[in-house]
Amino acid sequence: MTALLRTPATAVWVVLITATGVSWTLGIQHGTHDHKLASVIILLIAFIKVRLVGMYFMELREAPNVLRGLFEAYCLIVCTLLVTVFLWL
Amino acid sequence: MQPTTTRPSPAVAAKKIPGEEGVWIFILGDVCVFAVFFTYYLVQRSKHVDLFDLSQSALNKNFGAVNTVLLLISSLLVVLAVRAMRGAEQTVAQRLIVGAFLCGVAFIIVKVFEYSERIAAQQIPTTNGFFLLYFVLTGLHLFHLIIGLGVLTALFFLARKADLSEHQWAFFEGGACFWHMVDLLWLVLFPLIFLVR
Amino acid sequence: MAKRIELDSGLAKAAVWSGIALIVAMIVAQGFLMHFIPPPSPALSAKELAQRFIDRRDEIRLGCLIQCIFWSFWATWCMAITIFIRKMERGWPILTYSSIALQGGGYVFFILIPMTWGVIAFRPDTLDPAVMQIMNDWVWFDFLFTWPPFALWMAVIGLAIIKDHNVPTLYPRWVAYLNFWCAILIFPAGLIVFFRDGLFAYNGIGAFWIPFAIFFGWMIAMSVLTLQAIDRQKTRQSENELVMASV
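Protein chains in written order, with numbering that gives the first Met the number 0: chain A, 0 to 88; chain B, 0 to 196; chain C, 0 to 246.
Be careful, since some hints might not be right.
[As the list claims (entries may be wrong)] Only pairs whose alpha carbons sit at most 27 Å apart, straight line, appear in this in silico DSSO-like list of lysine-lysine: (1) A:Lys35 to B:Lys46; (2) C:Lys162 to B:Lys14; (3) B:Lys60 to A:Lys35; (4) C:Lys233 to C:Lys12; (5) C:Lys162 to B:Lys15; (6) B:Lys160 to C:Lys86; (7) C:Lys86 to C:Lys162; (8) C:Lys233 to C:Lys86; (9) C:Lys233 to B:Lys160.
[What the hints assert, rightly or not] To be clear about the criterion: a stretch of chain A counts as covered by chain B if any three or more of its residues have a C-beta under 8 Å from a C-beta of chain B, and this derived list gives those stretches: (10) 16-25; (11) 82-88.
Keep in mind the hints are simulated off the structure, nothing from the lab. In this text, a Cβ means the ideal position worked out from N, Cα and C, and glycines have one as well.
Given only the sequences and the hints, what does the whole structure look like? Please build it.
What follows is the structure in structure tokens.
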């Protein structure tokens, strides 16, 4: 079993759990200050996590460039789109 | 004497599509549909910011966070299951798949509690625009998760076979990717609906 | 020597084209004649809805006659695909029979649509608008809320393709995933029962336009793919004949 765990995906998993904790902490703060910055960070973290899942769990790091490219493009475009709509609409 | 030609050493692993092409038509298509929904959610929010922020505060963020962790654990178990299958450790793979399945069931149980809380507080899909989108988006995700449980079940039975054909391997990896997609969608859904304001 | 069972490509292709005719007829009759694409809003009052039937009663009656004919082709179109499912599965034909059973409900659901509208348009002046509203709601539920057997058949097609034992497979493997995806995507049609306006009302983008576009887009895609599969089978059969003749 430990042999199975010896893969980059496990380290990535630890990062993902940590990032979830960070987002949650940022998200549950109560305060009168503007929450916009925290929300943008939360969104960015979300898409970094999405990319990590794609690269390391779905094994897109070893996939042909077209497929990997499509996924990376998705992460970039959707993240940008959501942050933009959030900040500017 | 013939000059010997040097072959390129197979040090660089050949690029390989995880699963098969068809799986990616499905997965990319699905995540694009969700991207449309995510955008629609934020557009609707921009028209009713105060309503959305106020309604969002009623949500149980702890349940959402627990669900995120459950799916992350299940995804890791699926990654390990694929590794186990590649190492011909079928029993281990099957146990890992069962573990991932149980995490999925736990997610559903938490979701039932979450929805019950909302309904008890008179917050239902027809209450307002926020709760409509909350229930539709999380419901659509739940629908995918339930299908994912079916896929995991298929993988469990596939793992019993000693020798998988090329197509069966493709389905195994593809099925694993589908489960990761279920995880991935929640990784956006939870922060977007529960935390962003 | 055992007699080879051959595909009659002419008949099979005609069956596929009958489905295309179905789509064209729907656009002409339900869309242009009856003005029922998109659906009238469920938020309309009974009187407003009744007026629509009174105003276009002749167009609706004619459209209904046309639609009762063309929705029948759902059965023939499905069979073009089902004969391939029969060849894709080995042994006892559970996927084939499931397909036939799931499709059989299909043309009934479809024909009930123009039949019901025909009944409404039969006496629109004297029929109680509240009754007309219920019947019209019923039609749209019949059109959209009945998505599950269709989604299930899409899943059966996908499953048959995944399990296809032929080399090469009769349909390319990615078509299986296309079917799985379409099966999931028409699900929002089930939400119409909860909403009378907005995204998931029976005239909404989420519950009408998306499932409608996906469903008929799927029909067109499967038509093209099936025509290609028929051509490949025809080539295979004539190659076999050449081999037999040269023996």
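How the hints compare with the structure:
Of the pairs offered as hints, the one joining Lys35 (chain A) and Lys46 (chain B) holds, with about 16 Å between alpha carbons and a cut-off of 27 Å not exceeded. For the hint linking Lys162 (chain C) to Lys14 (chain B), the alpha-carbon distance of about 26 Å falls within 27 Å, and the restraint holds. Note on Lys60 (chain B) and Lys35 (chain A): the hinted pairing holds, with a Cα-Cα distance of about 18 Å set against a maximum of 27 Å. Using a Cα cut-off of 27 Å, the hinted pair Lys233 (chain C) and Lys12 (chain C) holds, with the two alpha carbons roughly 11 Å apart.
Between Lys162 (chain C) and Lys15 (chain B) the alpha-carbon distance is near 22 Å, which keeps this suggested pair within the 27 Å criterion. Distance restraint check for Lys160 (chain B) and Lys86 (chain C): the Cα-Cα separation of roughly 25 Å lies within the 27 Å cut-off, and the hinted pair is therefore satisfied. With a CA separation close to 11 Å, the supplied pair Lys86 (chain C) and Lys162 (chain C) stays within the 27 Å bound. For the hint linking Lys233 (chain C) to Lys86 (chain C), the alpha-carbon distance of about 14 Å falls within 27 Å, and the restraint holds.
Only pairs whose Cα atoms come within 27 Å are accepted, and Lys233 (chain C) paired with Lys160 (chain B) is rejected, the gap being roughly 36 Å. A count of 5 residues in the region 16-25 of chain A with a Cβ less than 8 Å from any Cβ of chain B is obtained; the coverage claim is therefore met, three being the minimum. Closer than 8 Å: that is the beta-carbon criterion, and the region 82-88 of chain A has 3 residues meeting it against chain B, so the requirement of 3 holds.
The structure fails to meet hint 9 from the earlier list, while all remaining hints are met.
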